[in-house]
Amino acid sequence: MKKFTKLALVSSLAISANAMAMQAMDDTSLGATTGQDGLSIGIGISKIEIEKLFIHDNDGLAAAGTAGQPGFGGTGAAGAIYIKGNGTGATATNGIVIGANYDNSGAYLLASRNLADLTIDSDAGGGNPFINIAAQVSGLDINIGEIGVVGSAAAPAAGAANIRRGGTGTENAILSGLSVKTGQMAANIQLGAAPQGAMIKLNTTMVGGLEITNLGILDNSTKTATRAAGEIFVESIKVADANSTNLTLNQSISVFGEEGANKGYVRIVSTSGAHDNYVKAIHLGSKTAASIGDVEVQGMQTYFSPAQGQYVPGAIITIRGH
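In mature numbering (1 follows the signal peptide of the UniProt record, and there is no 0), the protein residues as written are -21 to -1, 1 to 301.
Treat the hints as calculated values from the structure; they're not laboratory data.
Check before you lean on any hint, since a few could be wrong.
Stated by the list, open to error - Derived DSS-like pairs (lysine-lysine); straight-line CA-CA distance at most 30 angstroms:
hint, residue 1, residue 2
1, 26, 202
2, 31, 217
3, 202, 242
4, 202, 31
5, 259, 202
6, 26, 266
7, 242, 26
8, 259, 217
9, 26, 259
All of these numbers come straight from a predicted model, not from anything done at the bench.
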(Lines of atoms letter the chains of each structure in order from A and count residues from 1; the text may use other names and numbers.)
(Lines give C-alpha, C1' and ligand atoms only; values in the text may rest on other atoms or scores of the structure.)
Protein backbone atom coordinates (compact mmCIF):
# COMPACT_ATOMS: atom_id res chain seq x y z
CA MET A 1 0.00 0.00 0.00
CA LYS A 2 2.74 2.47 0.95
CA LYS A 3 4.46 1.94 -2.37
CA PHE A 4 1.36 3.06 -4.27
CA THR A 5 0.88 6.03 -2.00
CA LYS A 6 4.40 7.20 -2.77
CA LEU A 7 3.85 6.62 -6.47
CA ALA A 8 0.77 8.79 -6.39
CA LEU A 9 2.64 11.61 -4.66
CA VAL A 10 5.55 11.52 -7.10
CA SER A 11 3.07 11.57 -10.00
CA SER A 12 1.74 14.89 -8.68
CA LEU A 13 4.68 16.60 -10.34
CA ALA A 14 3.40 15.64 -13.76
CA ILE A 15 -0.36 15.01 -13.94
CA SER A 16 -3.65 16.81 -13.35
CA ALA A 17 -7.27 15.88 -13.11
CA ASN A 18 -8.55 18.15 -15.84
CA ALA A 19 -6.36 20.98 -17.15
CA MET A 20 -4.06 20.32 -20.10
CA ALA A 21 -1.16 22.47 -18.86
CA MET A 22 -0.15 25.06 -16.32
CA GLN A 23 -1.91 28.33 -17.03
CA ALA A 24 0.40 30.94 -18.51
CA MET A 25 0.93 34.13 -16.49
CA ASP A 26 1.60 37.56 -17.93
CA ASP A 27 3.99 39.95 -16.19
CA THR A 28 1.22 41.71 -14.30
CA SER A 29 -0.39 38.58 -12.89
CA LEU A 30 3.01 37.04 -12.11
CA GLY A 31 4.02 40.12 -10.17
CA ALA A 32 0.74 40.07 -8.27
CA THR A 33 1.26 36.43 -7.36
CA THR A 34 4.88 36.64 -6.23
CA GLY A 35 4.28 39.97 -4.49
CA GLN A 36 2.01 38.29 -1.97
CA ASP A 37 3.16 36.38 1.10
CA GLY A 38 4.10 32.90 -0.07
CA LEU A 39 3.43 31.32 -3.44
CA SER A 40 0.54 29.19 -4.73
CA ILE A 41 1.03 26.86 -7.70
CA GLY A 42 -1.56 24.76 -9.52
CA ILE A 43 -0.16 21.84 -11.55
CA GLY A 44 -2.29 20.83 -14.50
CA ILE A 45 -1.49 17.98 -16.87
CA SER A 46 -4.31 15.65 -17.83
CA LYS A 47 -2.39 12.40 -18.40
CA ILE A 48 1.11 10.93 -18.51
CA GLU A 49 2.20 7.88 -20.50
CA ILE A 50 5.50 6.05 -20.05
CA GLU A 51 6.41 3.58 -22.79
CA LYS A 52 8.97 1.60 -20.77
CA LEU A 53 10.66 1.87 -17.39
CA PHE A 54 13.92 0.13 -16.40
CA ILE A 55 15.53 -0.05 -12.94
CA HIS A 56 19.09 -1.34 -13.41
CA ASP A 57 21.04 -3.33 -10.79
CA ASN A 58 24.55 -2.79 -12.13
CA ASP A 59 26.32 -5.53 -10.14
CA GLY A 60 23.58 -8.18 -10.18
CA LEU A 61 23.59 -11.00 -7.62
CA ALA A 62 26.91 -12.45 -6.43
CA ALA A 63 27.45 -16.18 -7.03
CA ALA A 64 26.75 -18.26 -3.91
CA GLY A 65 25.83 -21.80 -2.89
CA THR A 66 25.01 -24.75 -5.12
CA ALA A 67 22.06 -25.68 -7.30
CA GLY A 68 18.87 -26.02 -5.29
CA GLN A 69 20.03 -23.84 -2.40
CA PRO A 70 18.35 -20.50 -1.59
CA GLY A 71 20.03 -17.61 -3.40
CA PHE A 72 21.80 -19.83 -5.97
CA GLY A 73 22.15 -18.67 -9.56
CA GLY A 74 23.83 -15.29 -9.29
CA THR A 75 26.39 -14.36 -11.94
CA GLY A 76 27.23 -10.79 -10.93
CA ALA A 77 25.91 -9.56 -14.30
CA ALA A 78 23.71 -6.46 -14.48
CA GLY A 79 19.97 -7.05 -14.66
CA ALA A 80 16.94 -4.78 -14.72
CA ILE A 81 13.36 -4.69 -13.54
CA TYR A 82 11.25 -3.52 -16.47
CA ILE A 83 7.71 -2.23 -16.95
CA LYS A 84 6.23 -2.29 -20.45
CA GLY A 85 2.88 -2.52 -22.21
CA ASN A 86 0.99 -5.78 -21.80
CA GLY A 87 -1.10 -5.59 -24.97
CA THR A 88 -4.46 -4.94 -23.29
CA GLY A 89 -6.55 -1.96 -22.22
CA ALA A 90 -4.94 1.30 -21.16
CA THR A 91 -1.49 -0.34 -21.08
CA ALA A 92 -1.64 -1.95 -24.51
CA THR A 93 1.45 -0.10 -25.74
CA ASN A 94 2.65 1.83 -22.68
CA GLY A 95 4.01 0.44 -19.43
CA ILE A 96 2.53 3.14 -17.18
CA VAL A 97 -0.51 5.33 -17.81
CA ILE A 98 -1.64 7.74 -15.08
CA GLY A 99 -4.67 9.99 -15.18
CA ALA A 100 -7.39 11.40 -12.97
CA ASN A 101 -9.79 9.22 -10.98
CA TYR A 102 -13.16 10.31 -12.39
CA ASP A 103 -15.15 7.68 -10.48
CA ASN A 104 -18.23 8.65 -8.46
CA SER A 105 -18.94 11.71 -10.61
CA GLY A 106 -15.60 13.32 -9.87
CA ALA A 107 -15.84 13.02 -6.08
CA TYR A 108 -12.12 12.21 -5.83
CA LEU A 109 -10.89 15.27 -7.75
CA LEU A 110 -9.70 18.57 -6.30
CA ALA A 111 -12.11 21.48 -6.58
CA SER A 112 -9.55 23.22 -8.81
CA ARG A 113 -9.47 20.17 -11.12
CA ASN A 114 -5.66 20.29 -10.97
CA LEU A 115 -3.54 17.27 -10.25
CA ALA A 116 -2.00 19.13 -7.32
CA ASP A 117 -2.30 22.50 -5.62
CA LEU A 118 0.85 23.66 -3.82
CA THR A 119 1.14 26.40 -1.20
CA ILE A 120 4.78 27.40 -0.59
CA ASP A 121 6.11 29.54 2.25
CA SER A 122 9.61 30.34 3.55
CA ASP A 123 10.16 30.86 7.28
CA ALA A 124 13.12 32.08 9.33
CA GLY A 125 12.45 29.31 11.83
CA GLY A 126 14.01 31.10 14.80
CA GLY A 127 17.45 30.91 13.21
CA ASN A 128 16.89 27.52 11.53
CA PRO A 129 15.08 28.45 8.28
CA PHE A 130 12.98 26.16 6.12
CA ILE A 131 10.62 26.04 3.15
CA ASN A 132 7.12 24.67 3.80
CA ILE A 133 5.22 23.09 0.90
CA ALA A 134 1.60 22.13 1.56
CA ALA A 135 0.35 19.84 -1.24
CA GLN A 136 -3.20 18.79 -2.08
CA VAL A 137 -3.22 15.88 -4.56
CA SER A 138 -6.12 14.72 -6.73
CA GLY A 139 -7.35 11.15 -6.83
CA LEU A 140 -5.47 9.15 -9.48
CA ASP A 141 -6.15 6.26 -11.83
CA ILE A 142 -2.82 4.44 -12.25
CA ASN A 143 -2.48 1.64 -14.81
CA ILE A 144 0.67 -0.48 -14.88
CA GLY A 145 1.47 -3.04 -17.59
CA GLU A 146 3.78 -6.06 -17.52
CA ILE A 147 6.50 -6.07 -14.85
CA GLY A 148 9.43 -8.43 -15.23
CA VAL A 149 13.20 -8.90 -15.22
CA VAL A 150 15.70 -8.82 -18.09
CA GLY A 151 19.45 -8.53 -18.58
CA SER A 152 20.66 -4.93 -18.74
CA ALA A 153 22.06 -3.76 -22.04
CA ALA A 154 25.38 -1.91 -22.16
CA ALA A 155 25.29 1.68 -20.94
CA PRO A 156 25.46 4.24 -23.79
CA ALA A 157 29.00 5.17 -24.71
CA ALA A 158 30.22 8.74 -25.08
CA GLY A 159 28.95 10.16 -28.35
CA ALA A 160 26.07 7.66 -28.63
CA ALA A 161 23.04 8.73 -30.67
CA ASN A 162 20.75 8.58 -27.60
CA ILE A 163 20.80 7.94 -23.84
CA ARG A 164 18.75 4.73 -23.94
CA ARG A 165 20.13 1.56 -22.33
CA GLY A 166 17.19 -0.82 -22.02
CA GLY A 167 17.39 -4.59 -21.71
CA THR A 168 18.76 -7.49 -23.71
CA GLY A 169 18.03 -11.20 -23.96
CA THR A 170 15.18 -13.16 -22.38
CA GLU A 171 12.41 -11.31 -20.55
CA ASN A 172 10.82 -13.12 -17.60
CA ALA A 173 7.50 -11.54 -16.65
CA ILE A 174 6.66 -11.36 -12.94
CA LEU A 175 3.36 -9.45 -12.97
CA SER A 176 0.95 -9.38 -15.90
CA GLY A 177 -0.26 -5.94 -14.82
CA LEU A 178 -2.38 -4.07 -12.29
CA SER A 179 -4.39 -0.90 -11.80
CA VAL A 180 -4.54 1.36 -8.75
CA LYS A 181 -7.22 3.90 -7.85
CA THR A 182 -6.60 6.51 -5.16
CA GLY A 183 -8.67 9.25 -3.57
CA GLN A 184 -7.57 12.76 -2.67
CA MET A 185 -4.47 13.09 -0.50
CA ALA A 186 -2.63 15.85 1.34
CA ALA A 187 1.05 16.06 2.28
CA ASN A 188 3.24 18.66 3.95
CA ILE A 189 6.91 18.89 2.91
CA GLN A 190 9.59 20.88 4.74
CA LEU A 191 12.99 21.51 3.15
CA GLY A 192 16.00 22.92 4.93
CA ALA A 193 15.08 22.43 8.57
CA ALA A 194 12.05 20.27 9.40
CA PRO A 195 10.42 21.47 12.64
CA GLN A 196 7.40 19.26 11.89
CA GLY A 197 9.65 16.28 12.70
CA ALA A 198 10.19 14.80 9.21
CA MET A 199 10.81 15.99 5.67
CA ILE A 200 7.40 14.70 4.49
CA LYS A 201 4.30 14.41 6.67
CA LEU A 202 1.12 12.69 5.54
CA ASN A 203 -1.81 13.37 7.83
CA THR A 204 -4.91 13.10 5.72
CA THR A 205 -7.81 10.92 4.63
CA MET A 206 -7.86 9.32 1.17
CA VAL A 207 -11.54 9.67 0.22
CA GLY A 208 -12.82 6.40 -1.22
CA GLY A 209 -9.86 4.39 0.09
CA LEU A 210 -7.32 2.53 -2.05
CA GLU A 211 -8.16 -0.11 -4.66
CA ILE A 212 -5.86 -2.36 -6.72
CA THR A 213 -7.49 -4.20 -9.63
CA ASN A 214 -6.47 -6.85 -12.18
CA LEU A 215 -3.34 -7.96 -10.33
CA GLY A 216 -1.65 -10.96 -11.96
CA ILE A 217 1.39 -12.67 -10.36
CA LEU A 218 3.27 -14.97 -12.77
CA ASP A 219 5.38 -18.10 -12.15
CA ASN A 220 7.65 -18.54 -15.18
CA SER A 221 9.37 -21.57 -13.62
CA THR A 222 6.40 -23.72 -14.70
CA LYS A 223 6.31 -22.45 -18.28
CA THR A 224 7.02 -24.93 -21.11
CA ALA A 225 6.67 -24.94 -24.87
CA THR A 226 3.06 -26.09 -24.52
CA ARG A 227 2.11 -24.58 -21.15
CA ALA A 228 1.73 -20.93 -20.21
CA ALA A 229 3.32 -19.50 -17.08
CA GLY A 230 1.20 -20.10 -14.00
CA GLU A 231 -0.68 -17.09 -12.68
CA ILE A 232 -2.38 -15.98 -9.49
CA PHE A 233 -4.93 -13.42 -10.66
CA VAL A 234 -6.86 -11.17 -8.28
CA GLU A 235 -9.71 -9.04 -9.59
CA SER A 236 -9.72 -6.46 -6.80
CA ILE A 237 -8.01 -5.56 -3.50
CA LYS A 238 -9.62 -2.81 -1.43
CA VAL A 239 -8.00 -1.18 1.60
CA ALA A 240 -9.82 1.19 3.98
CA ASP A 241 -9.89 2.16 7.64
CA ALA A 242 -11.63 -0.30 9.93
CA ASN A 243 -15.40 -0.02 9.43
CA SER A 244 -15.04 2.75 6.81
CA THR A 245 -14.78 3.35 3.06
CA ASN A 246 -11.98 5.93 3.41
CA LEU A 247 -8.29 5.43 4.20
CA THR A 248 -6.43 7.49 6.80
CA LEU A 249 -2.77 8.24 6.04
CA ASN A 250 -0.48 9.15 8.94
CA GLN A 251 3.12 8.79 7.79
CA SER A 252 6.43 10.54 8.42
CA ILE A 253 9.17 10.21 5.78
CA SER A 254 12.76 11.17 6.68
CA VAL A 255 16.11 10.87 4.88
CA PHE A 256 19.06 10.02 7.15
CA GLY A 257 22.63 10.81 6.06
CA GLU A 258 25.95 9.06 6.52
CA GLU A 259 27.00 8.21 10.08
CA GLY A 260 30.06 6.03 10.60
CA ALA A 261 29.69 2.79 8.64
CA ASN A 262 26.04 3.59 7.90
CA LYS A 263 25.85 5.33 4.52
CA GLY A 264 22.29 6.61 4.98
CA TYR A 265 18.73 5.53 4.26
CA VAL A 266 15.09 6.59 3.96
CA ARG A 267 12.77 5.84 6.87
CA ILE A 268 8.96 5.73 6.72
CA VAL A 269 7.04 5.64 10.00
CA SER A 270 3.34 4.82 9.61
CA THR A 271 0.79 5.16 12.42
CA SER A 272 -2.41 5.02 10.39
CA GLY A 273 -4.44 2.66 12.60
CA ALA A 274 -6.36 -0.55 11.90
CA HIS A 275 -7.48 -1.43 8.36
CA ASP A 276 -10.07 -3.55 6.61
CA ASN A 277 -9.04 -5.47 3.46
CA TYR A 278 -11.29 -7.12 0.89
CA VAL A 279 -9.74 -9.33 -1.79
CA LYS A 280 -12.24 -10.19 -4.52
CA ALA A 281 -12.17 -13.18 -6.87
CA ILE A 282 -8.86 -15.06 -6.56
CA HIS A 283 -8.02 -17.19 -9.63
CA LEU A 284 -5.28 -19.84 -9.30
CA GLY A 285 -3.41 -21.06 -12.38
CA SER A 286 -4.73 -18.56 -14.91
CA LYS A 287 -6.99 -15.54 -15.24
CA THR A 288 -9.73 -17.70 -16.76
CA ALA A 289 -9.62 -20.39 -14.05
CA ALA A 290 -12.59 -20.58 -11.69
CA SER A 291 -12.30 -18.25 -8.69
CA ILE A 292 -11.75 -19.83 -5.29
CA GLY A 293 -13.78 -16.99 -3.76
CA ASP A 294 -13.09 -13.80 -1.81
CA VAL A 295 -10.95 -13.12 1.26
CA GLU A 296 -11.96 -10.53 3.86
CA VAL A 297 -9.76 -9.24 6.70
CA GLN A 298 -11.31 -6.95 9.31
CA GLY A 299 -9.45 -4.67 11.71
CA MET A 300 -5.85 -5.60 10.88
CA GLN A 301 -3.40 -3.68 13.09
CA THR A 302 0.40 -3.86 12.91
CA TYR A 303 2.85 -2.78 15.64
CA PHE A 304 6.50 -1.77 15.91
CA SER A 305 8.75 -1.80 18.99
CA PRO A 306 10.88 1.30 19.77
CA ALA A 307 12.25 -0.67 22.73
CA GLN A 308 12.04 -4.25 23.95
CA GLY A 309 8.61 -4.99 25.38
CA GLN A 310 7.02 -1.84 23.93
CA TYR A 311 4.43 -2.05 21.14
CA VAL A 312 3.34 1.03 19.19
CA PRO A 313 0.54 0.75 16.58
CA GLY A 314 1.98 1.19 13.09
CA ALA A 315 5.05 0.16 11.10
CA ILE A 316 8.58 1.34 10.30
CA ILE A 317 10.04 0.80 6.82
CA THR A 318 13.67 1.57 5.93
CA ILE A 319 14.96 1.72 2.34
CA ARG A 320 18.67 1.75 1.41
CA GLY A 321 21.01 0.61 -1.32
CA HIS A 322 23.46 -2.29 -1.00
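Comparing the hints with the structure gives:
1. 26 to 202: violated, 36 angstroms
2. 31 to 217: It holds: about 27 angstroms lies between the C-alpha atoms, which stays within 30 angstroms.
3. 202 to 242: Outside the cut-off at roughly 41 angstroms; violated.
4. 202 to 31: holds, 24 angstroms
5. 259 to 202: holds, 26 angstroms
6. 26 to 266: Between residue 26 and residue 266 the Cα gap is close to 28 angstroms, so the pair holds against 30 angstroms.
7. 242 to 26: violated, 37 angstroms
8. 259 to 217: holds, 8 angstroms
9. 26 to 259: Roughly 28 angstroms between the alpha carbons, so the hint for residue 26 and residue 259 holds.
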